[in-house]
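> Just so we're aligned: 85 in full-length UniProt numbering is position 85 of the sequence shown, and the numbers increase by one with no gaps anywhere.
I should point out that these hints are in silico values taken from the structure, not numbers from a laboratory. Just so you know, even glycine gets a beta-carbon here, dropped at the ideal spot from N, CA and C. Worth double-checking, as some hints may not be accurate.
Pairs of lysine to any residue, SDA-like flavour, derived with a Cα cap of 20 angstroms [said to hold, decoys possible]:
id	residue 1	residue 2
1	LYS77	PHE49
2	LYS54	LEU26
3	LYS78	SER44
4	LYS54	ARG17
5	LYS54	ASP79
Label-pair distances were calculated between CB atoms; the ranges are [unchecked claim]:
id	residue 1	residue 2	range
6	GLU7	SER44	37 to 45 angstroms
7	PRO48	PRO8	29 to 37 angstroms
8	GLU7	GLY51	29 to 37 angstroms
9	ASP73	THR19	14 to 22 angstroms
10	ILE46	GLU7	36 to 44 angstroms
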Amino acid sequence: MASGEDEPRNCAVCGDRATGYHFHALTCEGCKGFFRRTVNKSTSLICPFAGSCKVNKAQRRHCPACRLQKCLDAGMKKDMHRFLLQCLTGWGKWTGAPYHLEALGLQAGLRSPQELSSLPVSFVVQSVREPWTTG
Numbered sequence: 001m002a003s004g005e006d007e008p009r010n011c012a013v014c015g016d017r018a019t020g021y022h023f024h025a026l027t028c029e030g031c032k033g034f035f036r037r038t039v040n041k042s043t044s045l046i047c048p049f050a051g052s053c054k055v056n057k058a059q060r061r062h063c064p065a066c067r068l069q070k071c072l073d074a075g076m077k078k079d080m081h082r083f084l085l086q087c088l089t090g091w092g093k094w095t096g097a098p099y100h101l102e103a104l105g106l107q108a109g110l111r112s113p114q115e116l117s118s119l120p121v122s123f124v125v126q127s128v129r130e131p132w133t134t135g
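Please construct the entire structure, taking both the sequences and the accompanying hints into account.
Dropping the structure here:
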C-alpha cells in the first residue's frame, strides 16, 4: 500500500508535477526556473489582460506577469532567492549543508518548509553564517 508520501504532488503555480520546495513553495522545475530568472531581471511585468490570465501547465508561458503573481500568491519569496544567491556566490560552495540544515531544525524534522517561511530572515542568515565563522 502506497503512503501519501509516494503520491505525486502538484506545483502550486501551474499544476505540473512538483519536484520539491523552491523559494518556500511546492513547485515544478519550470516555475522554479521562471521565478529565479524573473527575480534576477528585476523588470516590471504588466499583464495586457488586467491580470486575468490562466496559469496552468499548458498555458504557463503565455503571460509572465500572471505567472509571477501566481508564484507570489503560492508563497514563493523573493528574499529567499537573494539569500540563496548570497550563500552560493558570496560565501563559497554550500559544503556544510548538513550542518546548516541541523541549525535550522530541518535534519531532525523539527521544521517544515512552511514553518521556515515564517522565520525571520535574520534568524536563517545567522543560522547559516555561524558554521562559516572561524574563531
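> What are the numbers of the hints the structure violates, in ascending order?
The structure conflicts with hints 1, 5, although it agrees with all the remaining ones.
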